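*Asks:* Dock chain A against the given chain X, drawing on the hints supplied.
In order, the protein sequence lines correspond to chains X and A.
The first sequence begins at 49 in our numbering and counts up by one.
The second sequence begins at 49 in our numbering and counts up by one.
Just so you know, these hints were derived from the structure itself, not from any lab.
Keep in mind it's a predicted model, so treat the numbers as computed, not measured.
Do not take every clue at face value.
Put simply, identical chains are the same to the list, so a pair is met inside one copy or across any two.
No more than 20 Å apart at the CA atoms, straight line, and that leaves these computed lysine to aspartate or glutamate pairs for EDC-like [to be verified]:
hint: 1; residue 1: Lys180; residue 2: Asp78
hint: 2; residue 1: Lys401; residue 2: Asp151
hint: 3; residue 1: Lys180; residue 2: Asp370
hint: 4; residue 1: Lys368; residue 2: Glu114
hint: 5; residue 1: Lys180; residue 2: Asp98
hint: 6; residue 1: Lys110; residue 2: Asp359
hint: 7; residue 1: Lys147; residue 2: Glu124
hint: 8; residue 1: Lys148; residue 2: Asp82
hint: 9; residue 1: Lys110; residue 2: Asp98
hint: 10; residue 1: Lys291; residue 2: Glu105
hint: 11; residue 1: Lys488; residue 2: Glu124
hint: 12; residue 1: Lys99; residue 2: Glu114
hint: 13; residue 1: Lys412; residue 2: Glu105
hint: 14; residue 1: Lys298; residue 2: Asp61
Protein chains: 2
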Amino acid sequence: MAKKTTFNVSKVDNFSEWYSEILQKAEVTDLRYDVKGFVVIRPWGALIIDKMYRIYEDALRKTGHEPVMFPAVIPEDNFKKEANHIKGFAPELFWLENKKGEDRLALRPTSETAFFQMYSLWIRSYRDLPFKRYQRANIFRDDTKSTRPLIRGKEFYWLETHDVFSNKEDADVQVQGDIKMTDDIVHKCFGVPGLLVRRPEWDKFPGAVYTIASDCLMPDGKLLQNNTMHLLGQNFSKPFNVKFVDENEKDCFGWQTTYGPGISRILASVLSVHGDDSGLVLPYILAPIQVVIVPFDGEGVEEAVRGISKDLMTKGINVKVDNEDKRPGEKFFFWEMKGVPFRIEVGIKELEKGKASVFIRDTKERVLVKIEKLSKEIIKMGVEYDARLLARADGLFDSKIVDCDDKNSIGRILESGKIARFSFCSIDKDGKDCAGVIEKEFAGEVRGTRADLFPRDDSGEPGEEAWGKCPVCGKKAEVVVYAGKSY
Amino acid sequence: MAKKTTFNVSKVDNFSEWYSEILQKAEVTDLRYDVKGFVVIRPWGALIIDKMYRIYEDALRKTGHEPVMFPAVIPEDNFKKEANHIKGFAPELFWLENKKGEDRLALRPTSETAFFQMYSLWIRSYRDLPFKRYQRANIFRDDTKSTRPLIRGKEFYWLETHDVFSNKEDADVQVQGDIKMTDDIVHKCFGVPGLLVRRPEWDKFPGAVYTIASDCLMPDGKLLQNNTMHLLGQNFSKPFNVKFVDENEKDCFGWQTTYGPGISRILASVLSVHGDDSGLVLPYILAPIQVVIVPFDGEGVEEAVRGISKDLMTKGINVKVDNEDKRPGEKFFFWEMKGVPFRIEVGIKELEKGKASVFIRDTKERVLVKIEKLSKEIIKMGVEYDARLLARADGLFDSKIVDCDDKNSIGRILESGKIARFSFCSIDKDGKDCAGVIEKEFAGEVRGTRADLFPRDDSGEPGEEAWGKCPVCGKKAEVVVYAGKSY
Numbered sequence: 049m050a051k052k053t054t055f056n057v058s059k060v061d062n063f064s065e066w067y068s069e070i071l072q073k074a075e076v077t078d079l080r081y082d083v084k085g086f087v088v089i090r091p092w093g094a095l096i097i098d099k100m101y102r103i104y105e106d107a108l109r110k111t112g113h114e115p116v117m118f119p120a121v122i123p124e125d126n127f128k129k130e131a132n133h134i135k136g137f138a139p140e141l142f143w144l145e146n147k148k149g150e151d152r153l154a155l156r157p158t159s160e161t162a163f164f165q166m167y168s169l170w171i172r173s174y175r176d177l178p179f180k181r182y183q184r185a186n187i188f189r190d191d192t193k194s195t196r197p198l199i200r201g202k203e204f205y206w207l208e209t210h211d212v213f214s215n216k217e218d219a220d221v222q223v224q225g226d227i228k229m230t231d232d233i234v235h236k237c238f239g240v241p242g243l244l245v246r247r248p249e250w251d252k253f254p255g256a257v258y259t260i261a262s263d264c265l266m267p268d269g270k271l272l273q274n275n276t277m278h279l280l281g282q283n284f285s286k287p288f289n290v291k292f293v294d295e296n297e298k299d300c301f302g303w304q305t306t307y308g309p310g311i312s313r314i315l316a317s318v319l320s321v322h323g324d325d326s327g328l329v330l331p332y333i334l335a336p337i338q339v340v341i342v343p344f345d346g347e348g349v350e351e352a353v354r355g356i357s358k359d360l361m362t363k364g365i366n367v368k369v370d371n372e373d374k375r376p377g378e379k380f381f382f383w384e385m386k387g388v389p390f391r392i393e394v395g396i397k398e399l400e401k402g403k404a405s406v407f408i409r410d411t412k413e414r415v416l417v418k419i420e421k422l423s424k425e426i427i428k429m430g431v432e433y434d435a436r437l438l439a440r441a442d443g444l445f446d447s448k449i450v451d452c453d454d455k456n457s458i459g460r461i462l463e464s465g466k467i468a469r470f471s472f473c474s475i476d477k478d479g480k481d482c483a484g485v486i487e488k489e490f491a492g493e494v495r496g497t498r499a500d501l502f503p504r505d506d507s508g509e510p511g512e513e514a515w516g517k518c519p520v521c522g523k524k525a526e527v528v529v530y531a532g533k534s535y
Numbered sequence: 049m050a051k052k053t054t055f056n057v058s059k060v061d062n063f064s065e066w067y068s069e070i071l072q073k074a075e076v077t078d079l080r081y082d083v084k085g086f087v088v089i090r091p092w093g094a095l096i097i098d099k100m101y102r103i104y105e106d107a108l109r110k111t112g113h114e115p116v117m118f119p120a121v122i123p124e125d126n127f128k129k130e131a132n133h134i135k136g137f138a139p140e141l142f143w144l145e146n147k148k149g150e151d152r153l154a155l156r157p158t159s160e161t162a163f164f165q166m167y168s169l170w171i172r173s174y175r176d177l178p179f180k181r182y183q184r185a186n187i188f189r190d191d192t193k194s195t196r197p198l199i200r201g202k203e204f205y206w207l208e209t210h211d212v213f214s215n216k217e218d219a220d221v222q223v224q225g226d227i228k229m230t231d232d233i234v235h236k237c238f239g240v241p242g243l244l245v246r247r248p249e250w251d252k253f254p255g256a257v258y259t260i261a262s263d264c265l266m267p268d269g270k271l272l273q274n275n276t277m278h279l280l281g282q283n284f285s286k287p288f289n290v291k292f293v294d295e296n297e298k299d300c301f302g303w304q305t306t307y308g309p310g311i312s313r314i315l316a317s318v319l320s321v322h323g324d325d326s327g328l329v330l331p332y333i334l335a336p337i338q339v340v341i342v343p344f345d346g347e348g349v350e351e352a353v354r355g356i357s358k359d360l361m362t363k364g365i366n367v368k369v370d371n372e373d374k375r376p377g378e379k380f381f382f383w384e385m386k387g388v389p390f391r392i393e394v395g396i397k398e399l400e401k402g403k404a405s406v407f408i409r410d411t412k413e414r415v416l417v418k419i420e421k422l423s424k425e426i427i428k429m430g431v432e433y434d435a436r437l438l439a440r441a442d443g444l445f446d447s448k449i450v451d452c453d454d455k456n457s458i459g460r461i462l463e464s465g466k467i468a469r470f471s472f473c474s475i476d477k478d479g480k481d482c483a484g485v486i487e488k489e490f491a492g493e494v495r496g497t498r499a500d501l502f503p504r505d506d507s508g509e510p511g512e513e514a515w516g517k518c519p520v521c522g523k524k525a526e527v528v529v530y531a532g533k534s535y
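Chain X with its partners taken away, still in its complex shape (with noise of 0.2 Å):
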């Protein structure tokens, strides 16, 4: 009977079989609905997901950022206009049934055509500059590889920021912003390190000067694009016309950046790194539910239990009692499954010593609190339980870094679900052959180098030091970079 709402896949031996069945298990997503590469998000999803955006939305409007809403469908001719924009994106959108001779119109697989259009309008004066506006938007990109919920689909929702400079060095220093912000929300806020590192050439967003990426290295070795941030240089201010007035009345094309924090893909990390084989773990700042209170048979118990969670709800704890007609094993099992942090039991036992039994899911250790002190205990353990998820994925990912020499190590590292770092020829036009050779003899990518150094050539800030000779051509080794296997 409990068995039914037990979980116990392993993780780590069937990763992909842990992932499908939690997100189904726990009411996180569906996969049923009846079109390919769709999926449906169920409250338990949803709810987190709202917690997600609520968190970037203020981080946007702290840094400047004003809200947008822009159409979903944009027109063929936007498209166009940016030669290598539309190269990259043709395979993937979505075209509706064209009506009496009006303009193709496709679903938006990202904005900038959508919105540079209108930015040639509303800007004109260096005084509208910086010029930042974002929007939270449902994605479209029909992308035949086999889907995964929340990881690969062909509708996502996540954000998007488009942002207009003056000159190139605000602009660079914008896109250390959007850098900083990503790891101040995913990592440091949801626990979620990331591979922050700057795409090779071959590998940038099409239209972009230069693109970084962080990627998230999931339990089965496979690194998982979940944000990027774009420098666009002029490329679309020029075909789009985003132009203004600089102080001495000179007509300046604006330089642009882009950022697009992947929810879905977030929400997809975020599951997969701290879950364990009792179902998902989730951070104390996203949990729907923070705190499940369990309630035991006995006098007194119905009458503490309401004074418990009404204490907790007036500190803005997300409380849920659970009185459902069950056995508490049962309880139990459901709500370490859902990964809410904390589990409160109260029985008479404990209330005799104006106490109550307090589970937590990621260590499964259980404390006694006294009532009184609850909610406050709750809100300091909360801190705690968010910076033990952090440390504990930090570990894990920095073991997960190995230098490698030559090929063969690459490939031993890349093999073992690991990321493989290493001197390189080059992250230019140059180095493609061999990253080329890479991918094709390990199936690994070359991801890039390390952001943070970046931009490297112009600040003259040196990038990590390169030792040696590139492993595969042999040539002298300009770079260092990271590779691994991915989606």
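*Replies:* Chain A only, in chain X's frame:
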């Protein structure tokens, strides 16, 4: 010079021009996006919409609705399952271009046929009921009538709830709850009165048993439907197989309701009802900036402004200090046009008395307030402000409903931009011809009977008591209806 930032179009004389102008000038929307029927929502509009969503979502969660996120595409087969539904929506659907023999997909015009496919998998037992879910979403309808920003377009923003109950009574009660939520939020909270009516048989939602709608009376005398709630009965549960096992282990079809608060149109209603010839007048509860502070030159002003602004922000008030290099008059006009409820002016003269001058947007009065009491006073004045907007709107609305005894007076009342209330033969199918006459002769629509006295037939509650005969066919009147012009 100041001329540029003033706004002086008469709302009463030319609402249509006033509306277009203020949306553009106050930067609520921008119509210059290249695709007809699609509008860009700018920060001022997006921030108001965000506040509306938060108010609605809080209210929905409190009434047991959990959020979900469904795909924006729906397969053709799903639409076809309910005959009236596809008949009603077919002309308005946007279809995606077909790919390699896959199912034909439409963009959602509403999501019954997406949700209920999953409901048949999620609902098993009477213990799962009531089952209440909602989503905030963009929806798509290829409405070919002339478009108007936020009022009539091809993509708009809304919320939709889809609930399932074990019996008709509970479903009817839910519709009454949805009516109450509409009144609590749109009317009492946003200050926009609505004609809450049961739609005639010939004007109900495709697939519904009955439809109740809220119509806002716009300043040009036209009615704008901004909320609908439907009893779907078992019309969808049968074709979609939404079944549950009852207490006696018997298989039963669920009873369903749908509620759709139309956020885009609610915004249009709020802006139109409260605005005046100086521009927008935003309810305090919805204003993105609730207080703007305009400092005058003088010693100690900057420091005082910093203190005031910090104090207000700490109390949760949205404040902006306008430090731009413009004349005060220009700033005044600008923020009045944007509809900011309160403007605090800080100058040396007032500072010497320890006071600041507060300009109130709707009454255009100025009051002097002690600086140490400012935050407390603003919060109090905000409540009074919204109560005043509500009372004013209610007074105007009530004066616009006029009883009519014959066809000629109905015509006169409709022509004068008011709502005609009269006895009528029937809002069942029988009455359609008479309604057609009213529409043909006066370009007015019979919108329905009072919703709060419904369901009349089932409960035995009398509707409003009809008097005399139907002014069109001369038969004995059965109901009292409301008619008006509409968009």
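*Asks:* Against this structure, judge whether each hint is valid.
*Replies:* Hints and how they fare:
Taking the shortest Cα distances, lysine 180 and aspartate 78 sit within 20 Å of each other only across copies (17 Å), while inside one copy they are farther apart (36 Å). For a Cα distance limit of 20 Å, the shortest separation of lysine 401 from aspartate 151 qualifies neither inside one copy, at 74 Å, nor across copies, at 64 Å. Within a single copy, lysine 180 and aspartate 370 get their C-alpha atoms only as close as 45 Å, which misses the 20 Å cut-off; across copies the closest is 19 Å, which meets it. With identical chains, the CA atoms of lysine 368 and glutamate 114 are at most 20 Å apart between copies only, with a shortest distance of 14 Å across copies and 35 Å within one.
Proximity of lysine 180 and aspartate 98 under a CA criterion of 20 Å is satisfied inter-copy only: 18 Å between copies versus 22 Å inside one chain copy. Taking CA atoms no more than 20 Å apart as the test, lysine 110 paired with aspartate 359 passes between copies only; the shortest distance there is 18 Å, against 31 Å inside one copy. In the homo-oligomer, the alpha carbons of lysine 147 and glutamate 124 lie at most 20 Å apart both inside one protomer (14 Å) and across protomers (18 Å), since each shortest distance falls under that limit. Taking the closest pair of Cα atoms, lysine 148 and aspartate 82 come within 20 Å of each other only across two copies (16 Å); inside a single copy the shortest separation is 30 Å, beyond that limit.
Proximity of lysine 110 to aspartate 98 under the C-alpha cut-off of 20 Å is found in both arrangements, the shortest distances being 18 Å within a copy and 16 Å between copies. For a Cα distance limit of 20 Å, the shortest separation of lysine 291 from glutamate 105 qualifies neither inside one copy, at 27 Å, nor across copies, at 40 Å. For a Cα distance limit of 20 Å, the shortest separation of lysine 488 from glutamate 124 qualifies neither inside one copy, at 35 Å, nor across copies, at 42 Å. In this homomeric assembly, lysine 99 and glutamate 114 come within 20 Å of each other (Cα to Cα) both inside a single copy, at 19 Å, and across copies, at 14 Å.
Taking the closest pair of Cα atoms, lysine 412 and glutamate 105 never come within 20 Å of each other, the shortest separation being 33 Å inside a single copy and 34 Å across copies. Taking identical chains as interchangeable, the C-alpha atoms of lysine 298 and aspartate 61 are never at most 20 Å apart, the minima being 63 Å within one chain and 43 Å between chains.
When held up to the earlier numbered hints, the structure conflicts with 2, 10, 11, 13, 14 and fits the remainder.
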